[in-house]
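From first to last, the protein sequence lines are chains A and B. Under the working numbering, the letters of the first sequence match residues 24 to 197, in that order. Under the working numbering, the letters of the second sequence match residues 87 to 272, in that order.
Think of the hints as simulated: they come from the structure by calculation, not from any bench. Every residue gets a Cβ at the ideal spot worked out from N, C-alpha and C, and that includes glycine. It is possible that some hints are incorrect.
[To be verified] Quick partial rundown of chain B residues pointing at chain A, CB under 8 Å, derived from the structure:
no., residue
1, D139
2, V141
3, Q142
4, S152
5, E159
6, F178
7, E213
8, H235
9, H239
10, A270
[What the hints assert, rightly or not] Here are the computed lysine-lysine pairs in the PhoX-like style, where the Cα-Cα straight-line distance is at most 20 Å:
no., chain 1, residue 1, chain 2, residue 2
11, B, K151, A, K75
12, B, K151, A, K99
13, A, K34, B, K162
14, A, K172, A, K160
15, B, K162, B, K181
16, B, K181, B, K112
17, A, K74, B, K151
18, A, K99, B, K182
19, B, K240, A, K74
20, B, K100, A, K74
21, A, K75, B, K162
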Amino acid sequence: MDIDIKCLDEKTLSSYLDERLSEAERKKIEGHIADCNTCLDMLLVAYEAQKKRFSTRPLRGLARTILGTTIFFERKNRVNQAGLVEKNKKKRPELKWLFTGLFFFALSFIFRDYFLQFLAVSVILGFKWAMEGEAAKRVIMIFKGIQEKEKKFERKLPPDVSNITGGDRYGEPE
Amino acid sequence: MFDDTHDLIGRCIKREERAWSEFIDKFSALVYYSARERLKRNGFSFGEQDIQDIVQNVFIDIWEKSRLAEVRERDKIKAWLSIIGQTRALNFMRKKRERLLGEEELFKVENIVSDKGEEYRIELVEELEKAVEDFSPREKIILKLNMIHGKTHKEIADFMNMPINTVSTIIARRKELLRKLLSAQS
Numbered sequence: 024m025d026i027d028i029k030c031l032d033e034k035t036l037s038s039y040l041d042e043r044l045s046e047a048e049r050k051k052i053e054g055h056i057a058d059c060n061t062c063l064d065m066l067l068v069a070y071e072a073q074k075k076r077f078s079t080r081p082l083r084g085l086a087r088t089i090l091g092t093t094i095f096f097e098r099k100n101r102v103n104q105a106g107l108v109e110k111n112k113k114k115r116p117e118l119k120w121l122f123t124g125l126f127f128f129a130l131s132f133i134f135r136d137y138f139l140q141f142l143a144v145s146v147i148l149g150f151k152w153a154m155e156g157e158a159a160k161r162v163i164m165i166f167k168g169i170q171e172k173e174k175k176f177e178r179k180l181p182p183d184v185s186n187i188t189g190g191d192r193y194g195e196p197e
Numbered sequence: 087m088f089d090d091t092h093d094l095i096g097r098c099i100k101r102e103e104r105a106w107s108e109f110i111d112k113f114s115a116l117v118y119y120s121a122r123e124r125l126k127r128n129g130f131s132f133g134e135q136d137i138q139d140i141v142q143n144v145f146i147d148i149w150e151k152s153r154l155a156e157v158r159e160r161d162k163i164k165a166w167l168s169i170i171g172q173t174r175a176l177n178f179m180r181k182k183r184e185r186l187l188g189e190e191e192l193f194k195v196e197n198i199v200s201d202k203g204e205e206y207r208i209e210l211v212e213e214l215e216k217a218v219e220d221f222s223p224r225e226k227i228i229l230k231l232n233m234i235h236g237k238t239h240k241e242i243a244d245f246m247n248m249p250i251n252t253v254s255t256i257i258a259r260r261k262e263l264l265r266k267l268l269s270a271q272s
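So that you can see chain A by itself, here it is in the shape it has in the complex (with noise of 0.2 Å):
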């Protein structure tokens, strides 16, 4: 027997054995269970179980490995988080080159006198940051890539013989 979709949901249905549940939404269940066998017989299981006394020690042991499943799971999402917001930190020493820049920049309009050598500072953190960004390193990456696969293809090039003389292996020259 499935569990027909328009039956209803968990915490309606268990609701019904709360004995401080209002008239109305008792009835409104009531309408449901009279018809419907399955949540019937389900809200009778659950009220057997509401009565009975369980021994938890048959069960200890899948205790264990629930408890095992749920807390690994737990810690390692924690791990995780945690490694997220290491990864977050290690982001930020980026930055410090963009506002030391700005820093200086700002500094540049104040002391009018040493405006052309604040300007300078800040123009060499400018490119420093932009050099040491994530987009940057990976332009510099891709040049490197380049120039490698360059190198590679000239080593590979057959040697010149155009100023070789003398015949080859098929015989003389004419």
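We have chain A already, so just place chain B on it with the hints.
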């Protein structure tokens, strides 16, 4: 040890590992009983491992989705856990059946008990369904609980949160009416 379920659930919501361990110890047997009872009552054939998988899935789901926060009446959590155990058991067996059918291992699917007792019970349910069609929802439930599930007046009154006298009166009156209807039909 947390004696108060309300307090225990509160600590579980705060994701205290010790409280969660206590919660599993306290309620795993209830979920186990509910899941097994549901599969038995629905005539599924199942193994010990199936039930353990179902119980484990119920608790993993509750913990990972922080479902305890949804519980309105924390002291009444037993009913909610039992219903969850039962619905998960049904879904588990449905998926298992689909998987087996998909693998064309129909011979392994023995999910319907077809003994004579069960057939008689189904016939009785169908007969009663027809007879009580015009009764009010409350009367229908009371008669089904009494005639199909064999519940006593006291148990029905407790289950439906009604005075026992009302239950007894309804059963007496409606049974009398049913008797008249059936004798008129025959």
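List of violated hint numbers, smallest to largest: 1, 4, 6, 7, 9, 10, 11, 15, 16, 17, 18, 20
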